[in-house]
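Those protein sequences? They're chains A and B, same order as listed.
Residue numbering for the first sequence is 40 to 295, as defined by this note's numbering.
Residue numbering for the second sequence is 197 to 505, as defined by this note's numbering.
Hints are supplied without guarantee of correctness; some may be wrong.
Covered by chain A, according to a simulated footprint, are these stretches of chain B (three or more residues, beta-carbon under 8 Å) [unchecked claim]: (1) 245-254; (2) 296-305; (3) 361-367; (4) 466-472.
FYI, nobody ran anything at the bench for these hints, they're computed from the structure.
All residues carry an ideal CB built from backbone N, CA and C; glycine is no exception.
The lines below spell out each chain.
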Amino acid sequence: MNKSIRISFLTIVRKEVRRFLRIWVQTLIPPAITMALYLLIFGNLIGSRIGQMGDFSYMAFVVPGLIMMSVINNAYANVSASFYSAKFNKSIEELLVSPTPNYIILLGYVCGGALRGLLVGLLVTLLSRIFTEIPVHSISLTVIVVVLSALLFSMAGMINAIYANTFDDISIVPTFVLTPLTYLGGVFYSISILPGFWQGVSQINPILYLVNAFRYGMLGVSDVNIWASLAGIAVFLVILFVCCLYLMEHSKRLRQ
Amino acid sequence: MAFALEIEHLKKRYDTGVVALDDVSLKVEEGDFFALLGPNGAGKSTLISIICSLVTKGAGKVSIFGEDIDSDFDAAKRHLGVVPQEFNFNIFEKVEDIVINQAGYYGIERAEARARAAHYLEQLGLWEKRHQASRYLSGGMKRRLMIARALVHQPRLLVLDEPTAGVDIELRRTMWDFIETINAQGTTIILTTHYLEEAESLCRNVAIINHGRIIERSGMKSLLASLQRETFIFDLDRSAEQVIFPDHYHANVLEDNCLEISLDSGQPLNPVFDMLSKQGVNVVSMRNKVNRLEELFVGLVSTSGEKQL
């Protein structure tokens with residue numbers, strides 16, 4: 040990466056980070072409050088009646104899922120909202136008229152989104168320590184999975200933002216796709232408790248693999264094969280990156 | 197001859213079927229102050245958007261200081277600064293950040309970007325507002341912010357797309373002084389405006405575009421010299437109804453003490469004054485009826501419109 044491109048990249052990332060820090064009441068506090076309530080109600084109050092999930096308390100079992108859920112949602116929301124807003128107020132033209140290459144614009148926004156996801160994930164991790172001890176089975180696997188997941192969903196948010204024509208369009212996918220997939224992706228339960236048919240259905244949910252890979256990093260237990268999960272994340276990263284770049288280059292929604 | 201901008205056979209048809217540009221060719225010399233004029237929907241903004249890569253071209257060739265936008269768009273973009281017609285910055289960002297970030301997109305180091313932002317914000321009278329969110333700026337300040345942003349990477353070609361729309365006269369004059377200084381320092385300027393008196397007084401060369409075609413391209417002086425007639429308005433010290441004119445003077449009474457007289461280009465005004473004096477009428481004041489360029493513009497555009505029909 041030459042110096043000029045590096046500066047462009049850092050400028051976009053800095054702008055994105057400053058944006059979500061400037062509106063921290065909207066970007067950082069709500070997910071922290073929501074997750075604190077999840078931990079209190081599902082983990083503490085209801086969880087104490089559920090008992091053990093394998094070798095772990097229910098609270099310890101749901102914490103990795105809740106952290107991953109907050110990372111996914113916030114990484115996605117950051118890029119979709121920020122890039123769509125830039126389209127809406129035409130400030131994206133500042134970048135499009137500049138010599139900044141499209142892949143750097145993409146990486147800048149994606150890294151900005153991933154950083155918000157990771158920061159919220161860190162806040163949720165700290166909050167969960169109030170409720171339970173959090174073991175770490177493999178710190179490297181945990182970090183790799185959470186970083187790749189944040190990047191993956193930032194790119195998904197970028198595709199949503201490029202296609203969006205209204206602010207409603209950037210809330211449709213999180214509401215009707217992301218939230219159901221996350222809730223049914225093993226955040227609150229192990230798919231081993233489901234009947235065989237629904238276990239099979241669950242295995243076509245990509246978020247199941249992210250949640251379980253992350254849970255394996257923290258607890259050392261998983262419903263799915265970890266290597267298959269990592270390979271799946273890598274493949275989807277490449278596919279989404281190519282899709283995003285193609286849209287940046289050719290989409291009529293950016294350049295007529 | 198070095199050209200800041202060379203456009204050859206440029207075409208653009210939108211998906212809606214609208215032909216915005218139809219075989220446009222244009223050359224703008226380095227250092228020029230060039231007016232690109234045309235009525236609304238003529239193709240000016242499409243042309244500018246293609247130059248700065250916001251719209252993809254259908255066919256043709258565009259070079260900025262010899263850099264072809266197809267073969268090396270990045271190099272071409274480094275020569276170009278654009279002040280668009282609409283405000284296109286994030287209204288929640290601070291004034292200073294908008295300019296510094298723009299420098300960053302051109303690969304300028306943060307410290308240098310800060311220094312340049314300070315320089316242009318001071319020159320454009322925005323230094324005191326640098327820490328304010330841009331949404332709190334007045335319309336004129338927002339226009340100046342876009343000029344500062346467009347200049348921060350020190351482009352050799354500056355495109356101003358109706359930069360004074362909605363700006364009051366005093367501020368407009370200040371802005372033109374600044375832009376003239378930039379031009380005098382070597383920056384080529386391409387200006388689109390609906391204030392034709394601005395184009396007439398500032399620009400050395402002009403192109404008029406209508407229905408996606410260049411219908412006139414010449415030096416401003418030679419274009420104005422081609423105007424056949426000029427109209428003057430005389431304010432008199434008594435009723436204009438009493439004044440008797442020979443037929444070849446094309447005189448009209450506008451109001452009680454106000455008279456409009458059209459003369460062939462180059463025809464002296466002395467006989468008009470002599471005739472009024474002989475009739476015991478004094479001229480209190482006199483002015484051009486309309487801007488000369490406006491008169492030409494309206495004539496050319498209406499002729500080209502008739503051809504299209």
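Problem - Hints that the structure is at odds with (numbers, increasing) - result: Hints 3 and 4 are the ones this structure does not satisfy, whereas the remaining hints hold.
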